[in-house]
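Trainee: Sequence:
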Amino acid sequence: MLYAILCYANEETVFSWTKEEEDAVMAKLYAVQEPIARAGKLGPVGRLMPTTAATTVRKGKEEPLVLDGPFAETKEALLGFYVVDFDTLEEAVAFSKELSSVNPGSTSYEIRPFYVFRPGESST
164 MLYAILCYAN EETVFSWTKE EEDAVMAKLY AVQEPIARAG KLGPVGRLMP
214 TTAATTVRKG KEEPLVLDGP FAETKEALLG FYVVDFDTLE EAVAFSKELS
264 SVNPGSTSYE IRPFYVFRPG ESST
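Numbering (my numbering), first residue to last: 164 to 287.
Some clues are possibly wrong.
Unchecked claim - List time: in silico DSS-like cross-link candidates among lysine-lysine, alpha-carbon distance up to 25 Å: (1) 204 with 222; (2) 260 with 238; (3) 191 with 260; (4) 182 with 238; (5) 260 with 204.
Think of the hints as simulated: they come from the structure by calculation, not from any bench.
Make the full structure from the sequences, and use the hints.
Mentor: Encoded structure:
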């Protein structure tokens, strides 16, 4: 089953890290990711730019509105994601706990199973 693991953290904190702090955190995260990658279970991984770089397209009853910034203003922001292929939710939870253990500060990981849709392919 494919899972998206969404990483939420305080972007003010994360984007204020020095290069040395950033390098140290990334080295620890790579160490956690490496066994999963070697097993062929790690898909794309990405860090999102700050919410100040976001654009939201929001539609209600009227025409869609294009807004600067994220849809919701919260202390924690979606800062990154992992795509993993695990047999069970428990494996995804264990991986998320490992990521959390090496990520400094307050972080939250949201795990969601997902389907891949490819244009022109049948969903059956």
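Trainee: Are the hints correct? Go through all of them and say.
Mentor: Hint by hint, here is what the structure shows:
1. 204 with 222: violated (36 Å)
2. 260 with 238: Given that 25 Å is the threshold and the Cα spacing comes to 21 Å, the pair holds.
3. 191 with 260: holds (13 Å)
4. 182 with 238: Satisfied, since the Cα-Cα distance of roughly 23 Å is no more than 25 Å.
5. 260 with 204: holds (16 Å)
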